[in-house]
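Enquirer: First to last, the sequence lines map onto chains A, B, C and D.
Mind the numbering: the first sequence is residues 7 to 347 in this note's numbering, read in order.
Mind the numbering: the second sequence is residues 7 to 347 in this note's numbering, read in order.
Mind the numbering: the third sequence is residues 7 to 347 in this note's numbering, read in order.
Mind the numbering: the fourth sequence is residues 7 to 347 in this note's numbering, read in order.
Hints are computed from structural coordinates only; laboratory data are not their basis.
Since this is a predicted model, take the numbers as computed values, not measurements.
A few of these clues could be false.
Unchecked claim - Quick list of in silico lysine to any residue cross-link-like pairs, SDA-like style, CA-CA up to 20 Å:
id	chain 1	residue 1	chain 2	residue 2
1	D	Lys302	A	Asn210
2	C	Lys302	B	His57
3	C	Lys46	D	Phe193
4	A	Lys302	D	Ile113
5	B	Lys302	C	Lys302
6	D	Lys302	A	Glu228
7	D	Lys260	B	His57
8	C	Lys46	A	Val28
9	C	Lys337	A	Glu276
10	C	Lys173	B	His57
Claimed, not checked - One-sided excerpt, in silico: chain A residues whose CB lies under 10 Å from chain B:
id	residue
11	Ser9
12	Gly182
13	Gly185
14	Ser191
15	Glu192
16	Phe193
17	Pro197
18	Glu198
19	Gly201
20	Asn202
21	Tyr206
22	Asn207
23	Arg242
24	Ala256
25	Glu263
Ideal placement from N, C-alpha and C gives every residue a C-beta, glycine not left out.
There are 4 protein chains.
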Amino acid sequence: MASVTIVGASGYLGAELIRILVNHPKVDDIIPSSQHHANKPVSSLHRNLYHVFNRNFEYLDIAKIDSDMAFFASPPGDWLKEVPGLLERGVKVITLGGKFRIKDARIDRDVYGGYENPALLGERVYGLPELFRNEIKRARFVTNPGCYPTSVILGVAPLIKERVDLKKIVVTSISGSSGAGSSPSEFLHHPEMGGNVKPYNVLNHRHRPEMESILGEMAKREVGISFTPMVGDFVRGILSNITIFSESPANVHKTYEEFYRDEFFVRVLEDGPEVLPNVRNILCTNFCDVKPLIDKNSGRIQIITAIDNITKGGSGQAVQNMNIMLGFDEKSGLNLIAGHP
Amino acid sequence: MASVTIVGASGYLGAELIRILVNHPKVDDIIPSSQHHANKPVSSLHRNLYHVFNRNFEYLDIAKIDSDMAFFASPPGDWLKEVPGLLERGVKVITLGGKFRIKDARIDRDVYGGYENPALLGERVYGLPELFRNEIKRARFVTNPGCYPTSVILGVAPLIKERVDLKKIVVTSISGSSGAGSSPSEFLHHPEMGGNVKPYNVLNHRHRPEMESILGEMAKREVGISFTPMVGDFVRGILSNITIFSESPANVHKTYEEFYRDEFFVRVLEDGPEVLPNVRNILCTNFCDVKPLIDKNSGRIQIITAIDNITKGGSGQAVQNMNIMLGFDEKSGLNLIAGHP
Amino acid sequence: MASVTIVGASGYLGAELIRILVNHPKVDDIIPSSQHHANKPVSSLHRNLYHVFNRNFEYLDIAKIDSDMAFFASPPGDWLKEVPGLLERGVKVITLGGKFRIKDARIDRDVYGGYENPALLGERVYGLPELFRNEIKRARFVTNPGCYPTSVILGVAPLIKERVDLKKIVVTSISGSSGAGSSPSEFLHHPEMGGNVKPYNVLNHRHRPEMESILGEMAKREVGISFTPMVGDFVRGILSNITIFSESPANVHKTYEEFYRDEFFVRVLEDGPEVLPNVRNILCTNFCDVKPLIDKNSGRIQIITAIDNITKGGSGQAVQNMNIMLGFDEKSGLNLIAGHP
Amino acid sequence: MASVTIVGASGYLGAELIRILVNHPKVDDIIPSSQHHANKPVSSLHRNLYHVFNRNFEYLDIAKIDSDMAFFASPPGDWLKEVPGLLERGVKVITLGGKFRIKDARIDRDVYGGYENPALLGERVYGLPELFRNEIKRARFVTNPGCYPTSVILGVAPLIKERVDLKKIVVTSISGSSGAGSSPSEFLHHPEMGGNVKPYNVLNHRHRPEMESILGEMAKREVGISFTPMVGDFVRGILSNITIFSESPANVHKTYEEFYRDEFFVRVLEDGPEVLPNVRNILCTNFCDVKPLIDKNSGRIQIITAIDNITKGGSGQAVQNMNIMLGFDEKSGLNLIAGHP
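Input sequences plus hints: build the corresponding full structure.
Expert: See the structure below:
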């Protein structure tokens, strides 16, 4: 049995970690931490947890965490400096923020700034289990992928060894509004967002370097992505539409089925243009639905993926990583199924 | 032709006033004022007005307004003290905030506090044209009704002379999220409001005294309303469900048809239980759809009404009042029709 | 371990039964039946179950079902005639349709028509575990409550022994669109329902007699309910607003807390007017959130409840009933927690 | 003053034509025709028109139409054969269905099949006023563009003379649910569509040949479009995200501003990446909002456009065409402004 500390438990990713861990058969202690909300019942903020998780937020000295696992669900900040100490003391660490996801120190600095630590950056493992399971197994420090990168990298990965043009990948992603977190803003004020679909950060979303960097490393060639994120009028989920040009598109469906044959959480949909992913089929689950298509006329491969940004794109994947790092069954606590409808 | 000044033009009611007045055949000057956003293009905030209304917000000395009509679309504040001066100088005034709507000075003070002025309160006319047209015609100072009160008072008014129990009226109203204005809040943060329906202020919404006061004056007997407001996952509109107990419910449909026979903006729906109001049929229009029903078994009269909270429940009605006060055709500028769908 | 047959597994209630039972620790065989969709993969209709439940719909001779438990998730029909035979052969039966929920044969016939069987009607137990747990424990044949009745009866039950006016209960319920089932209709065509809120069946919804009958039996006095159902722009959930007049409203919050003290699935929210139910907190779960309030001025007790119409208002409650009938832990398989957000 | 006949007035495009024409200063007779709904009040189907348009649907002999203008808002059918006769008798015709939009007879036949008439196809003018105003002015027979093509062609047109790769255009469009018309379907059943985003017809949407054909003609070179349509959880509007690769992207913003300088209905948004189109700003209006962007690193030009699929993408544009064909002010009846919010 494992004990777990959640730093930044007052946000949406924190709420989702608790939601999952409460039913996790191998976790017997969940310590929810929040400096801002210390001593308030967790369920006073996360009303879904009322009668389900009866603890208060705690004010924590991060340096003194002594759980088996620490999740950092808060944005990158000074607390990152405590990570080396925690690792030394045997606490395994998963961060859900963006810092250190990108291995190239220069890009990491450009995108995220803040605390530098080459040793830590060198040690970090990118926590996408379907692609880096072995590294995660041996890791003490895992950076959980971003939500958009999860949906795009899982969609593109089976093709990086194929003869496709990785420099002109075009991605349009529609996300639910929860992706921006729990702080109210004019952009996500309901009267502005209801019945709407709104592009944002179209030229410079910071998840683009993450995608290009991870895929580039895997492919060992340059990857260029035109990335357009949008928010749709729904709360959870990301649907990514990925276009890749190819001189000789092969039978991509078979390629994808084989690539993900042993993966429980990546569901390659049945062949044929009728069956397509959507965000409701994977709502509140750790699944990534993937559909590759070929347009023979245009020499285009199109891949559509769907994940829940908070689960597979966040806390679900973090628990999946924890399971691997602590030697549990990778699916523990993640037997989450969307409703129909 | 009339000139119009809008104080507080940066909010949703201000935007709607401009949207309507831009097409008004009798208005040739619209001065949009906002202290906070002075000198910014109006269309930088109200993107709907891009290329349609090309003025900047102005910083205004309220005391010096010299338009024919001044709309105060901002919340009650110190500017109220300038109203008497404006009236004296011949500027007619319509306020869209709550202050002075309730004739009983004590209740007005309890609910809204702030500036007191018995003479002004005595002069004010409650701007519900279907019920107080003659008073409005002669008025210099009109307080535009609240959105919920508009939907409830128009629903109940035809019955106040009937033998019904006005002390046990039960109202549940579902409003779009725009009713709370343009300031972001946790309550209306899209991730919290999308796919949801949320009651709020259930025991003490300040629109309840307004309904009770206006209906009570008309009926000359005590009116008691159990009022439950909710926000639904839509942006504009209010649907009110009104239950009134009656010993001998008469043919209410005919009563309503006769009561509103000459009213263009109140549409009494066809008889029969199948045809019911909804908020899409009156979206962005000045209509109030009304449906009275009788349940003979239970001695209950049920009235369902639908308005757009921003138009008939706000700026549309304000323009309707302006038309009456300035002697224009009451429908001028208000030929707004919802789309289907 | 138990085996379970689901008749009518192609609908939304069938999908939800499978979603829950797939993770149920005491169920090892789930037989999904559908005459119309026989031999198609269940997951071709219920895309949420892809890779999770890999069986085909089966064409079933109902008379020959030999599972421990049979759920009838289809609308009332001729199959009802097979129930006595199944019971005799030791198959326990839970029906999710309306037939036989109302004990008064005359009302049952008026509302549902069809097959009559006084013995079966006499034997049936109304499957609301919080109120009829002991009867359910001994039952072979349970009629699962309707979704609206679940939300209303649980809201009113703690008051039936109090001095309140049960003949003038006023209920407005807002339901998600899934309540009407999976058959497309103009009423629920997305262009007609998106961004809308629509009342329907306002005078004669067939769930009203069910509420009045069950509450009347419990209270041993006449119960009269003014019931207005509406559909809001969300998929799952019911929020019910219940108004009850009372001469001397007591401390209802304490009354409710005590009444539901030992109930896991009924969560009485904290005292005070700020904390109110909404449909997202209980989404896809078996919880019923309940909030009682007193308006001392008006002598009104107001109760707001929220359930998921498909789970606590349908298949979740059915599994809760199954657990009781088969001697399992009542919560087995029902550790479902809504996400936040 | 003109008289107008609408064939197929019972659908969404028919409703929108009436909504606009009712307020049109130059139209004094609107004849709504529907074989299926003949003799029913138009407002019994289009509830928005209650008390606004008090005519019944008429059963019409199409050959005998003698209005100044006939709109065919119904899907392509046998009635097309009557068009030559109407034209000969001086009735001008605008069709809103797809037939004859594509000038290449072979493609037109492949995509739409049905009635062939080379003379009619030769005569037809493609009704995109911003690009073909002069032809429309002289036309008797105009085929109104499809909704997706309107949003894409207006987005790409300013670039066709530039050095850009027109063979690898990538388009993802998110449409409101009204695009598929008023017939209920499982795909658009609210429980399936609410809170969702769903791609469909991803490889073979019939609007793709229309875009490629019109743009190809204008550019006099081959145009290839990867087109992915999706439906989002909103009712009206299309947001199109268009990616075009270019060796030397120039100052596209200026190019667009100049191209559309004299166009009232195409609003090129202010320069800078923050100001982006969305579907609410143009809701129920005839505007097309356009935003061109350059990503210098990737050599990508990105254009985002937004229209209302029913107005600028359908009936609004049809009225715009009518105004041009009949010599009215092009903006007559089209002073429609979206609300904020």
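Enquirer: So which hints don't hold here, by number, going up?
Expert: Those not satisfied are hints 2, 5, 8, 9, 10, 11, 21, 22, 24 and 25.
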